[in-house]
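Colleague: So the sequence lines, in the order shown, correspond to chains A and B. When the letters of the first sequence are read in order and numbered with the numbering used here, they come out as residues 1 to 546. When the letters of the second sequence are read in order and numbered with the numbering used here, they come out as residues 1001 to 1546.
No wet-lab data here; the hints were simulated from the structure. Glycine included, every Cβ here is placed at the ideal spot set by N, Cα and C. Watch out, some of these pointers could steer you wrong.
Said to hold, decoys possible - If you anchor each label on the Cβ, the simulated ranges turn out as follows:
| hint | chain 1 | residue 1 | chain 2 | residue 2 | range |
| --- | --- | --- | --- | --- | --- |
| 1 | A | THR186 | B | GLU1171 | 33 to 39 Å |
| 2 | B | LEU1027 | A | ASP176 | 31 to 37 Å |
| 3 | A | ASP451 | B | ASP1032 | 56 to 62 Å |
As the list claims (entries may be wrong) - Which stretches of chain A does chain B cover? Using the computed rule of at least three CB atoms under 8 Å from a CB of chain B, they are:
| hint | segment |
| --- | --- |
| 4 | 172-184 |
| 5 | 362-368 |
| 6 | 379-391 |
Number of protein chains: 2
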Amino acid sequence: MALRFVERAAEAHDFPLTIRHLLDTSLVTAADQEIVYRDEVRITYRTFHERLGRLASALTALGAAEGMTIGVLDWDSHRYLECYFAIPMIGAVLQTVNVRLPPAQVAETINRAGAEILLVHRDFLPLVEALRGALPNVRAIVALMDGDAAPPDYAAGEYERLLQDADPDFEFRDFDENAMATLFFTTGTTGSPKAVCFTHRQIVLHAIVANGPFGGLHSRGFGADDVYMPLTPMFHVHAWGMPYVATMLGVKQVYAGRYDPDTILDLRAREGVTFSHCVPTILQMVLAAADRRGADLAGWLMTIGGSALTQALCREGRRRGMELVSGYGMSETAPLLTVSRPRREGGSDEVEALTMAGVPVPLVSVRVVDETMRDVPADGVSRGELVIRAPWLTGCYVGDTRASDALWRGGWLHTQDVATLNREGYVQIRDRLKDVIKTGGEWLCSVTLEDMIADLPGIEQVAVIGVPHPHWGERPLGVVVAVAGHTVTLEQVNQRLDSAIASGEVSRYARLESLELVETMPKTSVGKVDKKALRALYAAPPVASA
Amino acid sequence: MALRFVERAAEAHDFPLTIRHLLDTSLVTAADQEIVYRDEVRITYRTFHERLGRLASALTALGAAEGMTIGVLDWDSHRYLECYFAIPMIGAVLQTVNVRLPPAQVAETINRAGAEILLVHRDFLPLVEALRGALPNVRAIVALMDGDAAPPDYAAGEYERLLQDADPDFEFRDFDENAMATLFFTTGTTGSPKAVCFTHRQIVLHAIVANGPFGGLHSRGFGADDVYMPLTPMFHVHAWGMPYVATMLGVKQVYAGRYDPDTILDLRAREGVTFSHCVPTILQMVLAAADRRGADLAGWLMTIGGSALTQALCREGRRRGMELVSGYGMSETAPLLTVSRPRREGGSDEVEALTMAGVPVPLVSVRVVDETMRDVPADGVSRGELVIRAPWLTGCYVGDTRASDALWRGGWLHTQDVATLNREGYVQIRDRLKDVIKTGGEWLCSVTLEDMIADLPGIEQVAVIGVPHPHWGERPLGVVVAVAGHTVTLEQVNQRLDSAIASGEVSRYARLESLELVETMPKTSVGKVDKKALRALYAAPPVASA
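Only chain A is shown next, with the shape it has when bound in the complex:
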């Protein structure tokens, strides 16, 4: 026999999961609700929807068409939100250009994406002007001036004026939900940027599932009474997809432009922001500014991702009345995979649970596996690589078959993160796979060793990497910046590690092989310790005896 299907009222039943349908509800429930951009713009959802039509008309007049890539270089704004919708809604592909990359990489990503139209905030016009000769595909530049200044001569027009002159009655049509909607480049610490892409179906599924853990009819959660302000840049993984969720729910939205702690706190107070998300660095910045100003943060729910939320930072936020939860995901995963929650069974520390990566959201399958793809025990201790399946993961790195195959080895997306899983499904990220030290058949977590060593007096900063060893595979090497006037020895460090070995906290392989004292630690463009550079310096592989 065969599966059973029925004749269907085609027009009625066929409901593609295209991004335009995220608007279906909020235009009815929240037409008068507001979308706010700094001090500058305040529009209703009704106007927002009309502006989507105008933007689609204006882009079409500039040559936009189905399948074309259109790039955006802007700070967080209502305009960016309009691009999140209008560009995919005409069947084009939104490239959210990472404006923090070095200029040459900005050009590289625009060219590799094949972007033909760019929307550029005035702050990035000098960058784009300098790159213009190196952007052969770009046929039109729209300037986003944030005020009355005239756009440069080479621009096809200014955003607001183009919208004013455009027809609001653009007829958006439905199409295949598997059409590409967005594309952007990951900024890994290794190699050149890789392009990930997401379809309409994936973005819609991500939005409705991401609404689940934050949803709620009453009080806390993310619902009609919330006021939403992203504090994750909109060029970064669709600002974690939450602007799509917020628009779908019809909540008030606030966009802060270029991040500045005073603007953020002003908007938070004036607009009554209750729901945000950011990386720990932004939270620290907000907390420091709030202390300086004596600002009240009570009732602000913040989801933290990007890097681990430390228990100390979580407690700091909670002391000020904030609610903090962790989320985990990556560019390749749209991004949401897990969200933290208090432990089901009492007794354990709530902060500890909230600072874990969390439990998988619906439709997300997680496994923690060894190198042969066998599951390690779900005991909260055994480590392995976290691999994932879900309906919203990038299908490939665009144009890079080899990297795509590696990403999807064995039919699971490889996160390159070393994690543990426990019996209640709590995922805890322990390390980046490439930062793990494989010694004597065991995995040493570099982060664990770094935390232990950082406790010693006289240490300002520490990194631990694996260096090749003919017998043990790898052995750990420490790189330390000492506090001025202090010195640190290998013996002191290994004494500390010996006591951890004695108490069973780490394996006996944890003793460092050697220690390097340095003046400054090499950093990546986003301020993380550059372990790739450290490996190049200290862990060059033995010369092959070929």
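Fit chain B to the given chain A structure using the hints.
Modeller: Relative to chain A, chain B alone:
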């Protein structure tokens, strides 16, 4: 140009929305969580999953195959939940047989569905045995004995023993998400039952969207700490789809078997039930039993649907510490369309808002339209028919093209409900379309007139129907059961209506044309006033002058 698609890592990226994936998360996060059936069974999710494999193996051994319809006649149970999953997961179609229909209709629905295997609770074995000669397609009957009693001779086996003997390692495969998963019959007050059906994709989308309004990381909502017990029979629109949501979330689930107020209250207390849903009649039954027993109901969130939650009943529940919300939907809509919520802008009565049908959930488009499909104003007053689009509506009435075309006229699903919509998207159901009285070019709401008339002294029960009128189209006629010893006149009734007309509450056409005093009101099988019978008695159309 054309839409852009990318080469994809097929095995990885193609993630069909099939029902089996609702299990992906909870098997990791809630393997030790419990599913409870009365006093009889207590299994973990791990065992539940193993039993799905056993059930699939056992059914396959009985001849089950892709595309086959398999019918279930059971009270609410863990077995029914197993059938919700295992039957669609093997590619078969689950028929949730409505056991409240008259025997001849039970046979008719089983035959029209083409069910070849039936799973039958011992309480329904006499029914099925009596019907066996009239069920030519049925090749195997599995008895669900709830204990040690032997199954009847004609049964292929007993559920628990079949599972015991079956292989737990059934290999479920993925397939087209548009395959039919479930099928059941609506029990409208008119005509013979109509079959609606839902696909895997529809059920999964319904589950993840339905999680949104009830979801929540913290405290209230529907989350990991909740304990779920449906009080809407599982044969009725997948118990509103909430067993799928509960299983996806990995919450503790409690199944009450045949509804009995004492069992329900015992289970509520013993298992700590916090989240349920039911029709108002069941809520009334629970409240009465709780009063009798002095039972505590605090902290129990109940979603009410099926019929309107009256403000009085809502207040009664709230006084006992329950939280009450309304939901609205129908068999054709899987069912969830709207959920009530407190008003965004304060000042209005919370109970009033909570007893409305509510606001549409994400991806649901609602319109209130006149007979030419033009939208009536969203002013909370203007009435029209509620029409719907959403990704989980039945595509047709199976095998009934004419009814399907009428259901989907103009590309929107016609609810046959008369509603109003306001500027915040609150839907309020005012009447059934066929109960509306169309007079002088206006719609009179029969329910509104009935409520006004019921206020008069001496009235036990009242129904208002439209009777044909050569000039006005229709005119209202009242049918009244008077309290013993009282009488009621047309003049008394019209005096009451005149004052409502004077104050603008109803149109001037509301005055009744005539009044019939009757001894008893005709009722349908489910206890509603049978307006079809009243129309046959009092509103026969004028004989055509052919």
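Colleague: Look at each hint and say if it fits the structure.
Modeller: Consistency of the hints with the structure:
| no. | hint | in the structure |
| --- | --- | --- |
| 1 | A/THR186 - B/GLU1171: 33 to 39 Å | holds (36 Å) |
| 2 | B/LEU1027 - A/ASP176: 31 to 37 Å | holds (32 Å) |
| 3 | A/ASP451 - B/ASP1032: 56 to 62 Å | violated (31 Å) |
| 4 | 172-184 | holds (count 5) |
| 5 | 362-368 | holds (count 5) |
| 6 | 379-391 | holds (count 3) |
Comparing the model with each earlier hint shows a violation of hint 3 alone; every other hint is respected.
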